[in-house]
Amino acid sequence: MATRQLTETGSLRHLIRLKGLDRAFITRLLDQAEAYQTPMGEPPARDQVLKGRTVANLFFEPSTRTRASFELAAKRLSADVLNLDVNMSSRIKGESLIDTIYTLQAMQVDIFVVRDAGAGIPDFITANVHPHVSVLNAGESNISHPTQGLLDLLTIRQNKNTLDGLVVTVIGDIAHSRVTRSLSEGLAIMGRNELRLVSPEGLEPDMDLYPGVRFSRDIDAALKGADVIMALRIQRERIKEQSSLLTNPEYLQRYGLTESRVQLAKPDVIVMHPGPMNRDVEIAGAVADGPHSVITQQVNNGLAVRMAVLAAVMESRQS
Amino acid sequence: MATRQLTETGSLRHLIRLKGLDRAFITRLLDQAEAYQTPMGEPPARDQVLKGRTVANLFFEPSTRTRASFELAAKRLSADVLNLDVNMSSRIKGESLIDTIYTLQAMQVDIFVVRDAGAGIPDFITANVHPHVSVLNAGESNISHPTQGLLDLLTIRQNKNTLDGLVVTVIGDIAHSRVTRSLSEGLAIMGRNELRLVSPEGLEPDMDLYPGVRFSRDIDAALKGADVIMALRIQRERIKEQSSLLTNPEYLQRYGLTESRVQLAKPDVIVMHPGPMNRDVEIAGAVADGPHSVITQQVNNGLAVRMAVLAAVMESRQS
Amino acid sequence: MATRQLTETGSLRHLIRLKGLDRAFITRLLDQAEAYQTPMGEPPARDQVLKGRTVANLFFEPSTRTRASFELAAKRLSADVLNLDVNMSSRIKGESLIDTIYTLQAMQVDIFVVRDAGAGIPDFITANVHPHVSVLNAGESNISHPTQGLLDLLTIRQNKNTLDGLVVTVIGDIAHSRVTRSLSEGLAIMGRNELRLVSPEGLEPDMDLYPGVRFSRDIDAALKGADVIMALRIQRERIKEQSSLLTNPEYLQRYGLTESRVQLAKPDVIVMHPGPMNRDVEIAGAVADGPHSVITQQVNNGLAVRMAVLAAVMESRQS
Chain X
1 MATRQLTETG
11 SLRHLIRLKG
21 LDRAFITRLL
31 DQAEAYQTPM
41 GEPPARDQVL
51 KGRTVANLFF
61 EPSTRTRASF
71 ELAAKRLSAD
81 VLNLDVNMSS
91 RIKGESLIDT
101 IYTLQAMQVD
111 IFVVRDAGAG
121 IPDFITANVH
131 PHVSVLNAGE
141 SNISHPTQGL
151 LDLLTIRQNK
161 NTLDGLVVTV
171 IGDIAHSRVT
181 RSLSEGLAIM
191 GRNELRLVSP
201 EGLEPDMDLY
211 PGVRFSRDID
221 AALKGADVIM
231 ALRIQRERIK
241 EQSSLLTNPE
251 YLQRYGLTES
261 RVQLAKPDVI
271 VMHPGPMNRD
281 VEIAGAVADG
291 PHSVITQQVN
301 NGLAVRMAVL
311 AAVMESRQS
Chain E
1 MATRQLTETG
11 SLRHLIRLKG
21 LDRAFITRLL
31 DQAEAYQTPM
41 GEPPARDQVL
51 KGRTVANLFF
61 EPSTRTRASF
71 ELAAKRLSAD
81 VLNLDVNMSS
91 RIKGESLIDT
101 IYTLQAMQVD
111 IFVVRDAGAG
121 IPDFITANVH
131 PHVSVLNAGE
141 SNISHPTQGL
151 LDLLTIRQNK
161 NTLDGLVVTV
171 IGDIAHSRVT
181 RSLSEGLAIM
191 GRNELRLVSP
201 EGLEPDMDLY
211 PGVRFSRDID
221 AALKGADVIM
231 ALRIQRERIK
241 EQSSLLTNPE
251 YLQRYGLTES
261 RVQLAKPDVI
271 VMHPGPMNRD
281 VEIAGAVADG
291 PHSVITQQVN
301 NGLAVRMAVL
311 AAVMESRQS
Chain W
1 MATRQLTETG
11 SLRHLIRLKG
21 LDRAFITRLL
31 DQAEAYQTPM
41 GEPPARDQVL
51 KGRTVANLFF
61 EPSTRTRASF
71 ELAAKRLSAD
81 VLNLDVNMSS
91 RIKGESLIDT
101 IYTLQAMQVD
111 IFVVRDAGAG
121 IPDFITANVH
131 PHVSVLNAGE
141 SNISHPTQGL
151 LDLLTIRQNK
161 NTLDGLVVTV
171 IGDIAHSRVT
181 RSLSEGLAIM
191 GRNELRLVSP
201 EGLEPDMDLY
211 PGVRFSRDID
221 AALKGADVIM
231 ALRIQRERIK
241 EQSSLLTNPE
251 YLQRYGLTES
261 RVQLAKPDVI
271 VMHPGPMNRD
281 VEIAGAVADG
291 PHSVITQQVN
301 NGLAVRMAVL
311 AAVMESRQS
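Protein chains in written order, with our numbering: chain X, 1 to 319; chain E, 1 to 319; chain W, 1 to 319.
Some hints here could point you the wrong way.
Which copy is meant is left open, so a pair is good if it fits within one copy or across any two.
Unchecked claim - Dumping the calculated SDA-like pairs for lysine to any residue here, alpha-carbon to alpha-carbon at most 25 Å:
1. Lys75 x Pro267
2. Lys75 x Thr38
3. Lys75 x Glu34
4. Lys160 x Asp31
Honestly, the hints are just simulated from the structure, not real lab data.
For reference, chain X alone in the conformation it holds in the complex (with noise of 0.2 Å):
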């Protein structure tokens, strides 16, 4: 029951995940999104493509960077935008899911911007509102995260200048990673290239998910050679029996990115880093804001992804 994306036209309907995109569409979506990059210290791009069109941000789990990136971009498409917190009020009283959509659908919502914990929220939203309504995915248990797929491609691009021929290694902790999932779908759709994932012990995924990618647990060979290296955020919040591993100050030299792993890289790798870091432990803090760093591009890119995708499923409606 995956979500048809797309409209008849070719336009853009919902995003919930990167697959079943091509290249062509995803190449438009990145332009788009620096079209929306003003230099930094300049006042940020604005634009009236939402004037009047409500934006509803639905987290269901708490998050500062990916909701605050979204109202931002969403106000400054001129949109009206309603933060609901959904643990806060609705779900006490025992109201259903659907009936919190309808509701907000009713009060003339043009845009849910959905984050959920569970797994099929997003498809089962698509598949429950009106043809007016667009539902985007900020996040689906770790399944997708389909606008941080798009600015870790924009700003892989924007360091490499291709999407193709490219080694990317990501990480740590894989197993609850929706972002790796986004990044290995917008990576095999842009071109042909070399993905490698790593982790310790007891948070390797399950590579059925990951077809034609190599696993590996040694660290050091998967980085020999890599353009990019993604670390993962050592997911606390998610991880049921916490290992002694996981707090142990042995964590970075054992599984973390350290300065002299990045050396293992090519000399123009650049270092990413989905956010929140645990710094010290998946990065080091001077890796982190070392000379091959982009962590902090990803965040101004991540804001000019989601207005390039708000703005294209408004367009949808046009047509």
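Please build the complex by placing chains E and W on the supplied structure of chain X, with the hints as guidance.
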């Protein structure tokens, strides 16, 4: 110490209860609400009438739908909106309600939208604000919820083309229902309607509050010939002694609105619910989603009614 | 490592403390604040000076009034406002403060409004932001609250027509009072004023922080001849050892500002309180609502002062 709701020239200064308003006045409010409605899928109506004005949502009880409805109503009228979750801040510092009101008034808040579990809070506030400040009751104990009453009247009028000569049956947790109180006041003002109340044991209303209204325990008899059915939410959070009844799966069969019970009413009966619903407790999911249901229309009307009320109190200041 | 608050051309880049600003500069800020005031009942002043800019309210301590005041100030200057209740989200994921700042900065936030119980947090942030970002201190431990200081100066000036040669008596919980610190700095800059501090046992200040200021335990003597009285809130949430004193009904009589104590001051004395008040604890309700009270004027001035400060830091970027 009931609040004087109208100015000397007959325009709306505060909205605390429907009682005391007359038929012509409510008709004008409902007409204005309809003027603010647009077809689903089209952009919502917008107006500049609150431009530069400030609306403060003071919700001392958690609420998603009513708060969101007032917030969007105010934004679509171009107001600045301040959301205050008062539990989280002032109250922990021991500030009295009246000082919170004085403070916000000194920040030039124009309209307070107040929800509180305590009886008399809205009247207390209206007795203490400056002549240029308006107070809207967004839910007061089990006493009053006037914008809900207006949206219910509008929904009935749109479906029955009249607010006179109707049989309206309310079933469920009437003891805790400010919704029923406001509907009762509204129906009495608008015409000669027959209101019937039915509730399970332990949830019956104080009938002194409903002069001339019939109470019954026989749900099937009370539904016979109804033009309108309103099913009420079991307000678990307000019920101190949790009777086993309330979580019993038999509740729907014994006291809830099932498809077969709907058949007892008139063929063109409409089914309403103020939300949030406990599906398959007080109302069958199939009824909520069925052909008689006007529940999402209520939500849409709620936003329009709140725009009309906000616009009306702002106009009262200019006269 | 005190922050450099002014740019090389003398305009305001950050506002962390009043100390270091000069009389002419503060006078201009107060004048600008007054220019933003309108009579009660008329629409508040509006300005386009922050149009397209983003203000982030980073409140690590709960606050209704200061957060609301900054939020409305920013909105009335046409800014986009992002409210971040940081306890609720980032911190549970273990992100460091500096990464939260880097993240928001990468989203092109222009101005951070920061409140934190920790000492040195605002200076730490100013030391780490880009040249185009400004930081406003909205309350720092028991150290500084500069916009409160400015609003208190403005309130005194409006009532006394001078900020020189005044006797100002502060009574109450001075140990925890950033309000007193900022007022002390402001009074010293603006003229030759006499500041007198009085507090109950256990709540006295470290007088090394108040050079040249007189501390007393004799509240009646300290009030004699006062032009201005500031009563402070007992900050129960900051007091670790709850002495029986603080909840004692005798507190008001022994240490609070009663009507008879107000009589000891000059006949035209003004009574101030930074709020939120514990009525009939540190201040009698009759004093708070009495003819000498300028407490709601303080609130109104607070909003105007914050507009002036926001406008000033934005101007500093254009020069």
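Here's how the hints hold up against the structure:
In this assembly of identical chains, Lys75 and Pro267 lie within 25 Å of each other by CA distance neither inside one copy nor across copies; the values are 39 Å within and 47 Å between. Taking the closest pair of Cα atoms, Lys75 and Thr38 come within 25 Å of each other both inside a single copy (16 Å) and across two copies (23 Å). Only within a single protomer do Lys75 and Glu34 lie at most 25 Å apart by alpha-carbon distance; the minimum there is 18 Å, versus 28 Å between protomers. In the homo-oligomer, the alpha carbons of Lys160 and Asp31 lie at most 25 Å apart inside one protomer (15 Å), although the nearest pairing across protomers, at 53 Å, exceeds that limit.
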